[in-house]
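Student: As given, the protein sequences belong to chains A and B, one line each in that order. Counting in the working numbering, the first sequence runs from 1 upward without gaps. Counting in the working numbering, the second sequence runs from 1 upward without gaps.
Bear in mind the hints are in silico, worked out from the structure with no lab data behind them. It is possible that part of the hints are untrue.
The calculated label-pair distances, taken between Cβ atoms and stated as ranges, are [what the hints assert, rightly or not]:
#: 1; chain 1: A; residue 1: GLY149; chain 2: B; residue 2: GLU112; range: 29 to 35 angstroms
#: 2; chain 1: B; residue 1: GLU199; chain 2: A; residue 2: PRO131; range: 22 to 28 angstroms
#: 3; chain 1: B; residue 1: PRO201; chain 2: A; residue 2: GLN227; range: 55 to 61 angstroms
#: 4; chain 1: B; residue 1: ARG191; chain 2: A; residue 2: SER201; range: 27 to 33 angstroms
#: 5; chain 1: B; residue 1: LYS133; chain 2: A; residue 2: GLY134; range: 28 to 34 angstroms
#: 6; chain 1: B; residue 1: LYS133; chain 2: A; residue 2: GLN227; range: 54 to 60 angstroms
#: 7; chain 1: A; residue 1: ASN14; chain 2: B; residue 2: ARG191; range: 45 to 51 angstroms
Covered stretches of chain B (chain A as the covering partner; in silico rule of three or more C-beta atoms under 8 angstroms from a C-beta of chain A) [to be verified]:
#: 8; segment: 8 to 16
#: 9; segment: 71 to 79
#: 10; segment: 141 to 155
#: 11; segment: 220 to 227
A quick note: this is a predicted structure, and the numbers were derived from the prediction, not measured. In this text, a Cβ means the ideal position worked out from N, Cα and C, and glycines have one as well.
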Amino acid sequence: MTINKKGLGLNVTNGGVLSLIQDAGRYGAFNLGLTNGGPADSLAFYWANRLCGNELNSTAIEINLGGLQLTAQVDCVIAITGAPMPLTVNGQAKALWRSFLVKAGDTIHLGFTPFGVRCYLAVAGGFDIKPIFGSTATVCRESIGGITGGKLVADDVLPCQAVSKSANELKQLMLPEHEQPKYSKEVLLRTVLSYQHQHFSQIDKRLFFSSEYQVSKHWDRMGYRLQGREIKADVTGILSEGICYGAVQIPADGQPIVLLNDRQTIGGYPKIGAVISQDCAKLSQLRQGDKVHFEPISMSQADNLFHLNLSRFNQTQLIPS
Amino acid sequence: MSTQINDCIRLEVAGENALMLYFSSKKSLSNEQKASAITPDFSPVISHDVHQAVQLIRRHFSVEIIDLIPSYASILVVFNLLEIDHHHLRNKLKKLLQQGSRESSKEGRLIELPAYYSLESGMDLSRIAKHAKLSIKQVINLHQAQEYRVYAIGFAPGFAYLGEVDERIAMPRLTTPRLKVPKGAIAIADRQTAVYPAESPGGWHIIGLCPIDMFNPLAEPTMPIEVGDRVKFVPIDKQQYLELDGHFSNKVSLNDYK
């Protein structure tokens with residue numbers, strides 16, 4: 001690898017619907033009112049970086065729905081993971097979940113995904129973006145992160161490391177197909193009862209955990225508003241307090257909202273619990289009309305699931321492609 | 001999964017990697033009553049306890065804690081699952097805060113913010129005056145006479161919730177929020193007041209403009225105030241407002257309620 005000093009990298013020719021610079025997220029800035037941001041589907045994000053041999057926190061692009069087109073200004077190694085967006089390089093179809101070399105002048109295009117929502121494009125060495133408050137993660141609502149605080153637009157240049165000509169025999173890797181996450185239109189959301197759960201009756205809790213909810217038309221990186229069986233707390237508002245990732249807010253209309261990466265940091269609606277992080281990532285790949293169920297789990301189970309998921313990720317080996 | 005740390009602090013679960021500390025002053029209530037007190041009063045005393053606990057936690061933990069969100073009567077503690085589990089964190093917080101409550105702590109800093117109150121800069125002054133049956137001068141006097149406490153920062157970067165506003169000029173939020181509130185707007189909602197750190201939508205009543213940046217990513221510090229500080233508004237005139245680099249936005253939407 002040679003360091004690219006000219007600031008060259010991938011040139012955006014079409015930003016698509018919503019393509020965002022993301023690293024693992026912004027932490028430690030809650031005291032300023034700044035939220036986390038970061039990849040909505042962190043698992044796919046981490047895989048993209050692993051395929052490129054990067055540190056897991058390296059800066060990549062989150063492509064929402066599709067439509068992104070880039071032209072490489074340097075030879076570089078990239079990998080794309082996540083929802084099944086049709087990927088082409090110079091018009092030739094390419095598979096996701098593997099790293100490969102693109103050459104200066106190549107055009108990378110992502111079409112629209114038939115299901116799922118988000119893809120991650122990582123580059124070996126990570127994109128060289130200046131962090132703000134310790135992170136490059138873009139939160140549009142806050143105008144913080146990325147290149148300008150907003151989504152990628154045509155003519156943005158994302159600087160990256162150039163691969164030297166002699167290194168063209170670079171190791172190209174793939175995630176074996178049976179290890180690739182499967183995206184479906186239905187997700188189970190394992191939820192720790194927490195916050196104001198004692199303000200929901202046993203009956204309402206039972207209804208909540210036995211009902212099917214659909215993703216409404218209001219879903220984005222801030223949160224997913226669901227539709228289904230109404231449940232009610234015995235209070236309508238609480239003194240504003242900190243909101244964690246995955247918190248399930250129940251406003252006065254009784255329809256749950258699962259709060260995700262770009263959530264507001266504090267709020268005053270009652271919350272019944274919080275969905276575990278790995279299931280939040282799956283939720284973020286759903287869109288309007290897709291279905292979810294909630295399942296109650298204990299804090300210890302949540303802890304076990306976190307560590308199991310992590311060790312599975314660490315133990316899964318990439319293979320040469 | 002509720003742990004009573006002492007008479008005033010209760011520890012609850014929030015999420016996979018988050019615990020909640022709830023603060024109250026209801027020393028006489030039983031635990032059961034406390035658990036059901038969902039909207040405890042907030043007060044400078046509770047806020048002081050919150051502020052003190054935040055400082056203690058910051059001092060005693062490092063890699064185990066990812067972030068803290070203090071608010072009116074609570075602290076969300078987000079922890080690193082690779083460094084500590086919820087059992088250990090619970091025990092550590094319990095030990096720390098039990099002994100910590102005896103420590104004396106210093107009062108938050110007093111920060112003065114210049115405020116240009118006028119009909120020109122505070123488009124809702126006359127409505128508040130009418131609602132409160134006071135003169136505009138009296139409304140301004142009541143707002144600037146008070147010393148406020150920074151209870152929480154959130155909603156948007158740099159947005160600080162200051163309390164409490166004299167109840168004579170407390171106003172319910174606009175039924176239809178404005179699409180654009182100018183940067184620097186000093187506004188009132190219920191018994192809270194705030195300075196809008198950036199142009200944004202908002203349903204609070206605007207009574208003036210503050211020329212100081214409440215949030216500047218390039219400045220050090222980023223914000224002039226932090227949770228636990230005390231704030232006083234110091235009236236300035238238009239000339240001073242402009243000299244302090246204050247601006248007038250003509251982008252304010254006239255989406256006043258009818």
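Student: Decide, hint by hint, whether the structure agrees.
Tutor: Hints and how they fare:
{"no.": "1", "hint": "A:GLY149 with B:GLU112: 29 to 35 angstroms", "verdict": "holds, 30 angstroms"}
{"no.": "2", "hint": "B:GLU199 with A:PRO131: 22 to 28 angstroms", "verdict": "holds, 25 angstroms"}
{"no.": "3", "hint": "B:PRO201 with A:GLN227: 55 to 61 angstroms", "verdict": "violated, 25 angstroms"}
{"no.": "4", "hint": "B:ARG191 with A:SER201: 27 to 33 angstroms", "verdict": "holds, 32 angstroms"}
{"no.": "5", "hint": "B:LYS133 with A:GLY134: 28 to 34 angstroms", "verdict": "violated, 50 angstroms"}
{"no.": "6", "hint": "B:LYS133 with A:GLN227: 54 to 60 angstroms", "verdict": "violated, 45 angstroms"}
{"no.": "7", "hint": "A:ASN14 with B:ARG191: 45 to 51 angstroms", "verdict": "holds, 50 angstroms"}
{"no.": "8", "hint": "8 to 16", "verdict": "holds (count 5)"}
{"no.": "9", "hint": "71 to 79", "verdict": "holds (count 7)"}
{"no.": "10", "hint": "141 to 155", "verdict": "holds (count 4)"}
{"no.": "11", "hint": "220 to 227", "verdict": "holds (count 4)"}
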